[in-house]
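Novice: Here the protein sequences line up with chains A and B, keeping their order.
The opening residue of the first sequence carries number -12 in the numbering used here; numbering runs sequentially from there.
The opening residue of the second sequence carries number 754 in the numbering used here; numbering runs sequentially from there.
Quick caveat, the hints were computed from the structure, so don't treat them as lab data.
It cannot be assumed that every hint is accurate.
[Stated by the list, open to error] As a list, the in silico DMTMM-like pairs of lysine to aspartate or glutamate whose alpha-carbon atoms are at most 25 angstroms apart: (1) K1158/B with D1141/B; (2) K1086/B with D73/A; (3) K972/B with E896/B; (4) K1284/B with E128/A; (5) K1097/B with D1323/B; (6) K755/B with E122/A; (7) K1353/B with D1295/B; (8) K1336/B with E85/A; (9) K1086/B with E41/A; (10) K71/A with E1084/B; (11) K1307/B with D61/A; (12) K1074/B with D53/A; (13) K1336/B with D90/A; (14) K965/B with D1014/B; (15) K1284/B with D93/A; (16) K1074/B with D40/A; (17) K755/B with D40/A; (18) K71/A with E1000/B; (19) K970/B with D1020/B; (20) K755/B with E34/A; (21) K1093/B with E34/A; (22) K60/A with D1014/B; (23) K125/A with E1285/B; (24) K60/A with D1141/B; (25) K1093/B with D73/A; (26) K5/A with E770/B; (27) K1074/B with E41/A; (28) K71/A with D1071/B.
As the structure is a computational prediction, the values presented were derived from the model and not from experiment.
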Amino acid sequence: MKLVILGVGGMGSISLSKTIASMAINRGLAVKSSEIHGMAKKGGLVEIQMKIDEGLSGVVLQGEADFSFVMNKDYTDYGQAFLKRDGRLIMADRDTVEGIVRDLGDVRFVGSFLLARFIGYQDVFREDDALNVLEKLKEGEKNIEAFKRGLI
Amino acid sequence: MKLFLSGNEAIAFGLIEAGVRFISAYPGTPSSEVLPTAVKIKQQFGIGGYFEWSVNEKAAFEEATAANFSGLSVAVVMKQVGLNVAMDPYMNTAIVGSIGGFVVVVADDPGPHSSQTEQDSRFLAQFAKIPVLEPSTPKEAYEFAKRAVDLSKKYSLPVMLRTTTRVSHSREDIAVGRIEDVKLKPEFKKNTDRFAATPHFRFLLHKELNNKIRAIKGKPGFRIFYNGNRLLITSGISFAYLCDIVEEFGLHDKVRILKIDMPFPIDELKLQEYVDRYNDVLVIEEGYPVIENQIIDRRRIKGRWNGFVPSEGELTIDVIKGLLRDFGVLEFKENTVAVKPPFKRPSLCPGCGHRSAFFAIREVFKNQAIYTGDIGCYTLGLNLKAVDTVHCMGASVSFAFGFDKAFSIAGDFKYIVATIGDSTFFHSGITPLIDAMHNKSRFILVILDNATTAMTGNQPTPANPFNAAFDGANPISIESTVRSLGVEFLRVRDAYDIEGLKTDLKEAKQYIETHSKPAVLIFRHPCVYTKEGLSLNPAFEDVYVDEAKCTGCKICINRFECPSLLFDEDTKKVTIDLSTCIKCGQCIYSCPYNAIKVKK
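Generate coordinates for the entire structure from the input sequences, incorporating the hints supplied.
Specialist: In structure tokens, the structure reads:
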């Protein structure tokens, strides 16, 4: 499986990639990623490409990805470009993001919401795979709350 | 225990597992994560050892060398340009040889993504006549780190571990081994023929080194993959890319891959014999033609010497696909138009004190001065037109000196304003300032002190009262250092005090008009990218644009260049991006119409 996560600095894109990696490791699957950070720190693009159970490098090319997580709408077209024909774009609408920021206090929890959407769209990982990792995070409860909002 | 580690983190695990207990480093992208990981491992596993940042790479190298001469296994970590700084001890340590394990970890930056050069450090391994191991993946980075320690111990010479941005910043699931505390028994056995060798003994040491390299050469690290009849010779990250392409396009029966784990030394004859079995050979290696140049007869080889492989820029997976197509083993339809992410030029963070300093400098000197800049976040003073040169660490000061002398020997005078950060000043700004004082040079040196090494991820500087492990350290005072050189004109001010900065700059300007000495200004403001810096940063309740007063002239955007100032194409007025603004209110100085306002 090939994934791309696009966000801006400080939004939790890297945490999301680590959560997915832990889920893969717990299932005994090989996992690789490649991180690209822009020079600008605040607000700069953070791009993470991931391969689960395939490949030797963590690099994913445009037109190859099964899933594109887009955490900032400015990168929608860019995220779309990574998808293969039947690939799926995963993003949160504005109301969801604002709701999460209002109720949970930080935009970083949006990652867990997107993770739940992802769970619903594929059959490698199940809900429990995610919950087992999320509950061990520093702010496990809030992450799980955001995750539950994303379940479909 | 399986961990999801980056290449750099994996290197720290491998080194420490193999017994390395002394690591010194200077931060530099893409190498910066190795040392902090070592510090974390030390804390987590409760092992003894010294893992710390040094003032620069040369000092780091020498410190580690002495620790190694005491019998400890050591490592030094730096980026490729850092190795340039450490060249003197590096070349010498190669000649003298090591006692325990000695690993030189160098992270190269093909692209380059965040460096001045794309240089290939493997050439410097060849230059110093030491072996170099080149991992293709984070897992190999972990394994090769251990292998480098063992090889070094076995042959008593430093071994280079060369990584590149893509390996350093990739992650992989890696099963790490146990790390146990070992009792260290440092001992220095005096041997002046070796540790204080005169030229006569140097010749003998050189001979010894040549013998070591000859012995290592006999055990080449060649590995063969796939079954085709067209040969690809590769190493490092390029190998990982090639394997991905072979799997993706089913080229298993078309190509054969010769992977070289150790690009120097190579048994040239064995390599040539292998090459001679194939009609078509393509060499793909990230960096310079290090392996390629060791092939004795290159006439039938496709590579860099005949322009088949590009000689600059990164060999990305896309570039490699193109090479395989030109080589006749791969057919693919070119991606129609690759989509690029929306362009955002790199910019100082909103609220960065450097921006206020550059703004004030530019206001005072306008087009009258030569602005020599330096390596760090403040390179981005370029955007504020207050940086004309960026060369290498510390060169803002030596360039200011050189420009001043060049003009003064012709009887001319030019205002020169040099800007340098605190960490870079300690790294290599002090020595040219000594030269400037001693040799009577006139310029203004502005030390932009944000109390951290910001660009590479906020590592401590010698001015901090803490070290890499956040233990107590003795803070070194920048102003005392400057004053001790005999600098008379020295002002220290918070960079947010823009009017005050202008006063200092104007006085400094007058001073250098009448004195043959540098004037030094320290403009200080904690980095707002750190948690502490941001929490302590003064903030207004609100910063907003008075639409009635905004003329849409964009002077604030052009001259102050804060990414939080946006131009609204509909209203033709400036607005403030509330998602990035930290309400420092520094931009109010940039509006000639007083349209940017603050609410206290």
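Novice: Output the indices of the hints that this structure fails to meet, ascending.
Specialist: 22, 24
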